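Chemist: Input sequences plus hints: build the corresponding full structure.
So the sequence lines, in the order shown, correspond to chains A and B.
As numbered in this note's numbering, residues 1 to 374 make up the first sequence, in order.
As numbered in this note's numbering, residues 1 to 564 make up the second sequence, in order.
One or more hints might be untrue.
Unchecked claim - Computed cross-link-like contacts, DSS-like style, restricted to lysine-lysine with a CA-CA straight-line distance of at most 30 Å: (1) A:Lys5 to B:Lys429; (2) B:Lys473 to A:Lys45; (3) A:Lys70 to B:Lys119; (4) B:Lys142 to A:Lys116; (5) B:Lys142 to B:Lys24; (6) B:Lys142 to A:Lys197; (7) A:Lys45 to B:Lys480; (8) A:Lys5 to B:Lys309; (9) A:Lys116 to A:Lys203; (10) A:Lys45 to B:Lys178; (11) A:Lys243 to B:Lys142; (12) B:Lys269 to B:Lys105; (13) A:Lys7 to B:Lys429; (14) A:Lys116 to B:Lys24; (15) B:Lys429 to B:Lys178; (16) B:Lys473 to B:Lys269; (17) A:Lys128 to B:Lys105; (18) A:Lys116 to A:Lys197; (19) B:Lys480 to A:Lys7; (20) B:Lys24 to A:Lys128; (21) B:Lys119 to B:Lys105; (22) A:Lys45 to B:Lys469; (23) A:Lys5 to A:Lys45; (24) B:Lys142 to A:Lys128; (25) B:Lys119 to A:Lys128; (26) A:Lys320 to A:Lys116; (27) B:Lys429 to B:Lys480; (28) A:Lys5 to B:Lys323; (29) A:Lys261 to A:Lys320; (30) B:Lys323 to A:Lys7; (31) B:Lys469 to B:Lys512; (32) B:Lys24 to A:Lys203; (33) B:Lys416 to B:Lys429; (34) A:Lys320 to B:Lys416; (35) B:Lys429 to A:Lys45; (36) B:Lys416 to B:Lys473; (37) B:Lys178 to A:Lys116.
No lab work stands behind these hints, which were simulated from the structure alone.
All of these numbers come straight from a predicted model, not from anything done at the bench.
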Amino acid sequence: MAEFKLKIRRYDPESGAAPYWDEHTVDLEPHRSVLEGILQARNEKDGSIGVRCSCRAAICGSCGVRVNGKPGLACHTHLDDALASAGEDGVIEVEPMGNMPIIKDLIVDMDAVHWKKIQRVTPWLIGKEPVPEREYIVSRESMIDVTQSMACIQCGACVSDCLSMEVDPLFVGPAALAKTYRFVGDPRDAAHEQRLKDLGEDKHGIYDCTHCFKCIEACPKGVAPMNQIMRLRRIAGNDFHIKDRNNGERHEMAFVNNIEKNGILHEADLLPDSYGGKFHPRAVPELIASLPIVVTALLRRKMTPGKALLHPHKAPDGVKRIFEVVEGREERTEFNLYISGTDADNAPNPEVAEAIEAAEPAGVAPDGSEGSSA
Amino acid sequence: MPAYDVLIIGAGLAGQRAALAAAKTGATVAILSKVHPVRSHSVAAAGGINAAINPLDDWRSHAYDTIKGSDFLGDQDAIEIMCREAPAEVMWLEHAGVTFHRNEKGEMDLRAFGGASTKRTAYVADITGQALLHVLYEQLMKYHEVIDRFEEWFVTSLIKSDEGECVGAVAREIRSGKMESFSAKSVILASGGAGQCFQPTTNALICTGDGIAQAYQAGAPLMDMEMIQYHPTTLAENGFLITEGARGEGAHLLNSEGERFMEKYAPNKMELASRDVVSRAEQTEILEGRGVGPDKQGIYLDITVVPRKRTLEALREIVNIGKDFAGVDITREPIIIQPGMHYIMGGVKTDINGATPLEGLYAAGEVACVSVHGGNRLGANSLLDTLIFGRRSGEHAAERALAMKMPTVSDDQLGKDREMIAEILARPKTGRRVSEIKHELGTTMNRYAAVYRDEAGLQSAHEIVRRLKEEAKTAYVDDKGAVFNQDVLGAIELDYMLDCSETIVMAALERKESRGAQFRTDFPERNDAEWLKHINVSRNGGDVPTLSYSEVTITDWQPEARTY
Ligand SMILES: Cc1cc2nc3c(=O)[nH]c(=O)nc-3n(C[C@H](O)[C@H](O)[C@H](O)COP(=O)(O)OP(=O)(O)OC[C@H]3O[C@@H](n4cnc5c(N)ncnc54)[C@H](O)[C@@H]3O)c2cc1C
Ligand code: SF4
Ligand code: SF4
Ligand code: FES
Numbered sequence: 001m002a003e004f005k006l007k008i009r010r011y012d013p014e015s016g017a018a019p020y021w022d023e024h025t026v027d028l029e030p031h032r033s034v035l036e037g038i039l040q041a042r043n044e045k046d047g048s049i050g051v052r053c054s055c056r057a058a059i060c061g062s063c064g065v066r067v068n069g070k071p072g073l074a075c076h077t078h079l080d081d082a083l084a085s086a087g088e089d090g091v092i093e094v095e096p097m098g099n100m101p102i103i104k105d106l107i108v109d110m111d112a113v114h115w116k117k118i119q120r121v122t123p124w125l126i127g128k129e130p131v132p133e134r135e136y137i138v139s140r141e142s143m144i145d146v147t148q149s150m151a152c153i154q155c156g157a158c159v160s161d162c163l164s165m166e167v168d169p170l171f172v173g174p175a176a177l178a179k180t181y182r183f184v185g186d187p188r189d190a191a192h193e194q195r196l197k198d199l200g201e202d203k204h205g206i207y208d209c210t211h212c213f214k215c216i217e218a219c220p221k222g223v224a225p226m227n228q229i230m231r232l233r234r235i236a237g238n239d240f241h242i243k244d245r246n247n248g249e250r251h252e253m254a255f256v257n258n259i260e261k262n263g264i265l266h267e268a269d270l271l272p273d274s275y276g277g278k279f280h281p282r283a284v285p286e287l288i289a290s291l292p293i294v295v296t297a298l299l300r301r302k303m304t305p306g307k308a309l310l311h312p313h314k315a316p317d318g319v320k321r322i323f324e325v326v327e328g329r330e331e332r333t334e335f336n337l338y339i340s341g342t343d344a345d346n347a348p349n350p351e352v353a354e355a356i357e358a359a360e361p362a363g364v365a366p367d368g369s370e371g372s373s374a
Numbered sequence: 001m002p003a004y005d006v007l008i009i010g011a012g013l014a015g016q017r018a019a020l021a022a023a024k025t026g027a028t029v030a031i032l033s034k035v036h037p038v039r040s041h042s043v044a045a046a047g048g049i050n051a052a053i054n055p056l057d058d059w060r061s062h063a064y065d066t067i068k069g070s071d072f073l074g075d076q077d078a079i080e081i082m083c084r085e086a087p088a089e090v091m092w093l094e095h096a097g098v099t100f101h102r103n104e105k106g107e108m109d110l111r112a113f114g115g116a117s118t119k120r121t122a123y124v125a126d127i128t129g130q131a132l133l134h135v136l137y138e139q140l141m142k143y144h145e146v147i148d149r150f151e152e153w154f155v156t157s158l159i160k161s162d163e164g165e166c167v168g169a170v171a172r173e174i175r176s177g178k179m180e181s182f183s184a185k186s187v188i189l190a191s192g193g194a195g196q197c198f199q200p201t202t203n204a205l206i207c208t209g210d211g212i213a214q215a216y217q218a219g220a221p222l223m224d225m226e227m228i229q230y231h232p233t234t235l236a237e238n239g240f241l242i243t244e245g246a247r248g249e250g251a252h253l254l255n256s257e258g259e260r261f262m263e264k265y266a267p268n269k270m271e272l273a274s275r276d277v278v279s280r281a282e283q284t285e286i287l288e289g290r291g292v293g294p295d296k297q298g299i300y301l302d303i304t305v306v307p308r309k310r311t312l313e314a315l316r317e318i319v320n321i322g323k324d325f326a327g328v329d330i331t332r333e334p335i336i337i338q339p340g341m342h343y344i345m346g347g348v349k350t351d352i353n354g355a356t357p358l359e360g361l362y363a364a365g366e367v368a369c370v371s372v373h374g375g376n377r378l379g380a381n382s383l384l385d386t387l388i389f390g391r392r393s394g395e396h397a398a399e400r401a402l403a404m405k406m407p408t409v410s411d412d413q414l415g416k417d418r419e420m421i422a423e424i425l426a427r428p429k430t431g432r433r434v435s436e437i438k439h440e441l442g443t444t445m446n447r448y449a450a451v452y453r454d455e456a457g458l459q460s461a462h463e464i465v466r467r468l469k470e471e472a473k474t475a476y477v478d479d480k481g482a483v484f485n486q487d488v489l490g491a492i493e494l495d496y497m498l499d500c501s502e503t504i505v506m507a508a509l510e511r512k513e514s515r516g517a518q519f520r521t522d523f524p525e526r527n528d529a530e531w532l533k534h535i536n537v538s539r540n541g542g543d544v545p546t547l548s549y550s551e552v553t554i555t556d557w558q559p560e561a562r563t564y
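Modeler: This is how it looks when you write it as structure tokens:
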């Protein structure tokens with residue numbers, strides 16, 4: 001057992017008083033969850049602490065909160081990890097999620113934001129006709145693939161800290177767009193194009209995401225909403241020729257080419273490449289506009305002026321081989337949580353498998369999440 | 001007062017399926033749930049759902065396995081219906097959008113599960129319950145114009161008319177504290193199980209037996225309450241479930257000597273024998289000193305024998321649970337498990353259409369007892385039960401409603417429930433804490449009403465439950481507010497749990513034999529001559545339950561010795 005100090009953000013709408021911090025010391029094994037800490041305080045000291053919870057096992061999606069400022073599930077955050085990310089005073093801070101109105105203590109109004117956005121994306125299967133007598137015959141991979149977005153438990157952690165939503169509250173948002181992929185990636189759905197048109201033309205739709213990665217970081221189930229959004233865009237552009245309003249796709253290609261060429265990300269090339277090369281006329285105003293980013297990168301020593309001009313990196317063989325394998329595929333395959341780590345096992349010949357193994361740092365799944373983040 | 005043809009209490013799989021079925025007939029429908037529907041406990045079901053969809057399989061084989069699994073206490077007419085209708089139901093789910101795992105040919109894949117004679121379990125990785133529940137909720141959103149949802153509304157009582165029929169329910173909007181009577185021609189209870197009567201349990205914090213207690217209070221009989229399932233593989237520390245899918249994929253159970261001990265208990269089915277059989281085998285190994293772990297109260301579950309790729313693809317949740325809640329990488333090392341309280345086979349007695357003996361009241365899902373599970377439920381049969389009997393009760397409740405007039409409902413019960421809440425809020429700080437009583441109840445039940453039971457233990461459990469019932473009357477709450485007062489709801493749930501526990505213990509005391517999940521060390525044999533019958537418990541107005549019996553329906557399958 002060990003003692004942990006929890007500071008819970010309280011708010012009582014009936015009292016007329018402002019929100020305040022309420023501190024409790026709890027005694028639990030370090031690998032127990034922040035939720036168990038809150039519940040111990042509630043059971044033993046103050047029954048009026050408001051927090052939604054049910055399963056205790058990261059599956060019902062009730063207990064989304066912010067721990068030390070980061071969104072996640074209280075039941076899925078170990079006390080010792082929370083302590084490690086706490087401030088110098090060693091007090092774990094628990095607050096309600098952001099981007100949603102607070103009802104009481106840690107309880108937010110998900111209906112007003114989250115569920116409204118889910119309802120916005122026509123969240124049900126529009127089955128292909130004719131409906132077969134038995135099951136639809138679809139590929140094994142396609143069902144495993146959509147299972148990643150099916151794994152969303154609608155906890156709202158991604159919504160809590162979505163940068164675009166802070167700026168544009170009307171943005172459809174990470175969870176609802178991940179839900180959209182669950183249909184657009186589903187070969188049984190008959191409305192892929194309509195769905196993408198709908199959310200491509202809506203200026204708060206798929207092109208309103210700024211790639212801040214916050215939703216990927218926040219998601220306790222490895223849904224990686226931003227990745228699903230990127231895939232929606234890719235399908236919209238490649239398969240249905242829907243116009244990208246924000247240049248996102250070209251930016252993505254620039255990333256890919258950059259890594260193929262350099263082995264690691266060579267940031268100086270990235271922006272101009274996104275706009276068709278350094279001397280493309282369109283690049284000039286954009287480059288000027290993004291000057292602060294380049295400057296910050298310089299300041300943070302991500303890039304040196306020398307590096308920005310020369311190309312010190314050559315793509316190592318492993319990276320090249322990944323590109324060969326991926327680009328040698330007949331169909332576009334997308335990396336996915338449930339298929340992760342199995343590419344090598346699936347490889348048709350041992351040589352390719354070896355190449356993949358060699359190129360993949362141990363424990364890191366191809367989607368970039370560390371094995372599993374869920 | 002809101003009025004509906006069909007009022008559904010509970011929005012897990014049973015409730016949502018009932019709502020969709022009732023709405024399809026044109027009836028007006030409302031569905032109430034104390035948590036947002038997708039938070040319902042059905043979301044936690046991992047392993048899958050049984051249906052004889054393989055052309056080489058036969059629903060009769062599924063029925064036989066279910067009957068044998070039930071230790072011949074299941075009602076065979078109901079089991080036949082469930083197994084016969086299963087394939088069509090699973091196809092309906094597939095068409096609604098459930099992303100069932102496919103085989104190489106693109107057809108639905110099936111996995112092995114305990115007590116089944118062939119691979120018969122359809123699944124979505126190991127998030128089957130979540131996938132089903134979220135897809136049904138997609139359908140509720142689709143039909144939002146014809147199904148009214150009352151999310152985060154807590155039902156406190158059923159309303160009965162002067163004629164003794166069930167005509168509605170009283171509920172509290174949790175967010176505002178507002179209390180309201182709902183009138184209805186038919187009411188369907190779908191409010192889930194009562195796992196929280198036990199500590200630890202695989203069940204969520206919301207599984208507090210509300211519906212079972214409300215029906216009991218309203219005079220409906222409960223059946224098979226003594227039948228409590230202990231799941232063979234729960235995490236020693238906190239009771240979390242490791243799905244049977246793990247054993248279905250080939251995982252082994254090992255004792256401290258590294259022995260696959262199921263060879264001794266079920267030489268044919270090994271780890272995939274019925275749950276009661278496996279749990280007892282584990283408990284025996286532990287009692288005889290061959291347990292593992294710090295206090296030797298555990299057993300090793302070895303999943304490393306399953307290919308890693310397969311584990312990552314089909315058992316991902318379990319990989320995560322191992323990592324996050326036990327600090328173990330199950331693809332590389334065994335994990336320590338033990339039998340843990342998981343499911344209540346008993347519940348509100350219903351017929352094959354979900355109708356209870358209380359006119360106007362239907363029940364479906366874990367709250368109900370049809371009885372398709374009898375003495376022991378097979379894995380992956382519960383999701384099926386919720387859907388088949390959820391649908392059937394939705395259809396029948398609607399049919400009944402469409403043929404009658406809206407009853408007039410008084411606000412008497414509403415007044416009583418308001419008073420009850422005011423009384424709880426007014427209690428002085430001299431009593432015990434709700435959480436303290438709940439904890440004592442849970443550990444008591446887990447000690448005396450578990451895998452092995454006997455007269456003396458059950459007697460002490462009974463005495464303790466009676467004492468706790470008294471103490472609960474003065475248990476105080478800290479929260480005096482109206483908005484999201486979870487404290488006062490906790491006090492009400494405690495009363496429900498105590499009612500459920502009392503009936504469980506009394507039925508277990510009554511059944512003087514060993515059958516299915518009930519193993520009496522003082523009566524270790526099954527005794528068909530005397531006990532091939534259901535025990536019913538009802539309140540009948542008094543404070544102490546009365547017991548009676550009902551027949552087991554047998555169609556084609558005569559009781560026989562049960563070996564695996
Ligand atoms: C961890 C775990 C894994 C499982 N895995 C499987 C599996 O693989 N296969 C299988 O077949 N079965 C499995 N089961 C069993 C199965 O999940 C449950 O029996 C089934 O889901 C119960 O569904 P339900 O609709 O009856 O109730 P629930 O899903 O529990 O829903 C109950 C509903 O009632 C509502 N409610 C309760 N009380 C009130 C009240 N007072 N007022 C208003 N609303 C109320 C709740 O809000 C909820 O919406 C598993 C169970 C557990 C615990
Ligand atoms: S990546 Fe896009 S969707 Fe995700 S949090 Fe950032 S802006 Fe929002
Ligand atoms: S995508 Fe992840 S973080 Fe967002 S709601 Fe779903 S499970 Fe929660
Ligand atoms: S309590 Fe269910 S997700 Fe945390």
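Chemist: Now tell me, hint by hint, if it's right for this structure.
Modeler: A quick look at each hint next to the structure:
1. A:Lys5 to B:Lys429: holds, 26 Å
2. B:Lys473 to A:Lys45: OK: Lys473 (chain B) and Lys45 (chain A) at ~20 Å, within 30 Å.
3. A:Lys70 to B:Lys119: violated, 44 Å
4. B:Lys142 to A:Lys116: Holds, at roughly 13 Å.
5. B:Lys142 to B:Lys24: This hinted pair holds, its Cα atoms lying about 13 Å apart.
6. B:Lys142 to A:Lys197: holds, 20 Å
7. A:Lys45 to B:Lys480: The given pair, whose Cα atoms are some 15 Å apart, holds under the 30 Å limit.
8. A:Lys5 to B:Lys309: violated, 41 Å
9. A:Lys116 to A:Lys203: Holds - the C-alpha atoms of Lys203 (chain A) and Lys116 (chain A) are around 17 Å apart, at most 30 Å.
10. A:Lys45 to B:Lys178: Distance of about 27 Å is within 30 Å: holds.
11. A:Lys243 to B:Lys142: holds, 29 Å
12. B:Lys269 to B:Lys105: holds, 28 Å
13. A:Lys7 to B:Lys429: This hinted pair holds, its Cα atoms lying about 25 Å apart.
14. A:Lys116 to B:Lys24: Roughly 25 Å between the alpha carbons, so the hint for Lys116 (chain A) and Lys24 (chain B) holds.
15. B:Lys429 to B:Lys178: holds, 25 Å
16. B:Lys473 to B:Lys269: Since the Cα atoms of Lys473 (chain B) and Lys269 (chain B) sit roughly 48 Å apart, the hinted pair is violated (cutoff 30 Å).
17. A:Lys128 to B:Lys105: holds, 19 Å
18. A:Lys116 to A:Lys197: Since the Cα atoms of Lys116 (chain A) and Lys197 (chain A) sit roughly 20 Å apart, the hinted pair holds (cutoff 30 Å).
19. B:Lys480 to A:Lys7: holds, 22 Å
20. B:Lys24 to A:Lys128: Satisfied, since the Cα-Cα distance of roughly 21 Å is no more than 30 Å.
21. B:Lys119 to B:Lys105: holds, 17 Å
22. A:Lys45 to B:Lys469: holds, 22 Å
23. A:Lys5 to A:Lys45: holds, 14 Å
24. B:Lys142 to A:Lys128: holds, 17 Å
25. B:Lys119 to A:Lys128: Given pair Lys119 (chain B), Lys128 (chain A) holds - Cα atoms ~29 Å apart, limit 30 Å.
26. A:Lys320 to A:Lys116: Distance ~45 Å between Lys320 (chain A) and Lys116 (chain A) Cα, so the pair is violated.
27. B:Lys429 to B:Lys480: holds, 12 Å
28. A:Lys5 to B:Lys323: Holds. Lys5 (chain A) to Lys323 (chain B) sits at ~25 Å (cutoff 30 Å).
29. A:Lys261 to A:Lys320: holds, 9 Å
30. B:Lys323 to A:Lys7: holds, 27 Å
31. B:Lys469 to B:Lys512: With a Cα-Cα distance of about 26 Å, the restraint between Lys469 (chain B) and Lys512 (chain B) holds, given a limit of 30 Å.
32. B:Lys24 to A:Lys203: At roughly 37 Å apart (the allowed maximum being 30 Å), Lys203 (chain A) and Lys24 (chain B) break the hint.
33. B:Lys416 to B:Lys429: holds, 23 Å
34. A:Lys320 to B:Lys416: Distance ~75 Å between Lys320 (chain A) and Lys416 (chain B) Cα, so the pair is violated.
35. B:Lys429 to A:Lys45: OK: Lys429 (chain B) and Lys45 (chain A) at ~12 Å, within 30 Å.
36. B:Lys416 to B:Lys473: Distance ~16 Å between Lys416 (chain B) and Lys473 (chain B) Cα, so the pair holds.
37. B:Lys178 to A:Lys116: Holds - the C-alpha atoms of Lys116 (chain A) and Lys178 (chain B) are around 23 Å apart, at most 30 Å.
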